[in-house]
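Colleague: Fit chains X and Z to the supplied structure of chain U, relying on the hints for placement.
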Amino acid sequence: MIPLSWYLILAAGLFCVGLYGALARRNALAILMGIELMLNAVNLNLVAFWRYLTPNLISGQVFVLIVLAVAASEAAVGLALIISIYRRRSTIAAEDIDMMKW
Amino acid sequence: MDQILGDPFGWFNQLLRSLLEGWGLSPGFTSFVLNLLGAFVMGLGVLLLTLLLIWAERKIVARIQDRLGPNRVGPFGILQTVADLVKLVTKELIVPVGADLGPYNLAPLLAVMSVVGLWAVVPLAPRLLGADINVGVLYVVSIGAISTLSILLAGISSNNKYAILGAFRTVAQMVSYAVPLVLALIVPTLLAGSMGMVEIVEEQRSIWFLVIAPVAALIFFISSIAEVGRAPFDLLEAESELVAGFHIEYSGLRFGMFFVAEFLHAFTISALTATLFLGGWQGPGAAEYPLLGLFYFGIKTALVYFVVIWIRGSFPRIRIDQMNQLNWKLITPLALVSLMVTAVVEKLVVDMGLIRIGVHLGANLLLLAITLWALRAYARAVRRRVEDPMGSQT
Amino acid sequence: MTATQFVFLLTGAVTLGAALLVVLSPRLVHAALWLILSLAGTAVLFVLLEASFLAVVQVAIYIDAIAILIIIVIMLTRRVMIRGEAQITRNWWLGAISALIFLGGLLVLLNMMPITAIDTPPTIADTNQLLEDLGRSLVDVDRFILPFEVASILLLAALIGSIMIAWPLSTRAEGEGDQ
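Chains as they are written, first to last, in our numbering: chain U, 17 to 118; chain X, 7 to 400; chain Z, -19 to 159.
Calculated directly from the structure, the hints in this document are not laboratory data.
Taking lysine to aspartate or glutamate pairs in the DMTMM-like style, the calculated list, with each CA pair at most 20 Å apart, reads:
hint	chain 1	residue 1	chain 2	residue 2
1	X	Lys353	Z	Glu112
2	X	Lys353	Z	Asp113
3	X	Lys167	X	Asp240
4	X	Lys353	X	Glu209
5	X	Lys353	Z	Asp120
6	X	Lys65	X	Asp90
7	X	Lys167	X	Asp106
In isolation and in its complexed conformation, chain U is listed as follows (with noise of 0.2 Å):
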């Protein structure tokens, strides 16, 4: 009833959003919010296909749990990140942030 190319739709709509927040936003955490939509989108993709061509295969659900599992690292270091250079610079705008070292 719901056609495959739904939720491919939805996904790549989901991605585009998420490619914008990241591309047009100042401050680095809504740029990691930008960047949790696109994972998100990715997560959707892959269970879509998951389910409509190889349902009885699990190994796309196993592709759904790392990509997870990775973006949790990634989200827990990315904030990290902008703890300490929010303490050190006292900025997190992604365009003050221009220097390796002063």
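Modeller: Structure of chains X and Z alone, referenced to chain U:
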């Protein structure tokens, strides 16, 4: 009559279904309406039960503290909670200046939603439960953690430093204690071979999981008390320290929702402990007569709830650094070791019966003995350091 | 329009709308809340796709861990980005154009693939068996134990790394330079 006693919920379902279909609704729509009705009844029932729970708690804590508790409004003070509810409803809803209205209004809703949502997977009787999903245990973890989110939102949106402090402390506590909670939840999953609550209850047909894994049951109980924020872990609302913590700026019915959510959460974790470790609705004769199963479930949940209230009345409040140390140095390693011990013993002793139970029980008691011995040694070292400060400084 | 289609369209609209509000909200706390709604919408879509375990794991990891962490970090770094400042970069239209071009390219690609027109998904034999198979495949030597172990090492590295990076400045070793 026999069929009604043997399967009362199925009979009632059939009755309603034939009634609705007699009115001309299609079968699919009838199922949808019946499901909606069931969810509504369960949510309403659980929220109305809170009135009784608050009264019970106040009476029992009062008796522990050698006083009477509410006894004016209604016989034995039963209507006291209704009076409190009326008072809360008629209070003025004061919103602080500069509060972020979106999260501010959303937080109490999320708090109540997360607690009522937990009741969807608790099997009340052999064929009476909200949704039979095969990942029930993980659902409990994920929905239970939405209450953490609600507390964070409440603290952040209140535009009040004490609220933010209280919210951060609360979130730190809840997130820390979620780790041993999940680890302790894996043990009944392991023993039952499935994450579904129905399968876990049915696997306790012969012996309760409390006997097989007492350490895991204890850890689950302690961690869920910490997750809810009840005493002795109630530094979230430490009146003497933080002027009521994250819900300072909430008045009237919004505060009432947090209040209801907390008491209901305590009852819900009692229900979960009873389901996962005490056998849920299992009991003599419960499989043939489901109403008897419902009765057993109620008794077990009330018993665990009584223990929760008892603990509240007996222990002093834990400081935040003590809470952190307790979690990361004692409870989480203990949970990990108990999980490993249960897994290894379950693999070694493959046959059923008394030997398996005996080995599990023996291993758990050994683990408890080692933990208590280690605690004693640690306490002795701390005491020596306190009594002899000059000698220990090198 | 069947019930499943209606639910899918509603959930899809909510998810996409919330995602748009994430990238358009000037206040970060609101953006984080819309992100939570978008993630919850994705979890509902997972349930529609009969991946119930993944739906619950999505709620447990994304909403209950990552979103809470994002909100906490927003609170900790709040002083700087006050509402008066712009939240969008100067060349935001470039970002919008590239995102739109990318979307167009993806849609064209999806149109060209005939496999995406599958109307009804094939039936799953047994979902409980599938769940058990998921568990087994993660520790099976012939299947996915290597990604599983690598992911756990990655999580350990992320745990240790984030603790080290976010360590307070005052208790750092004397070897660190800038203060």
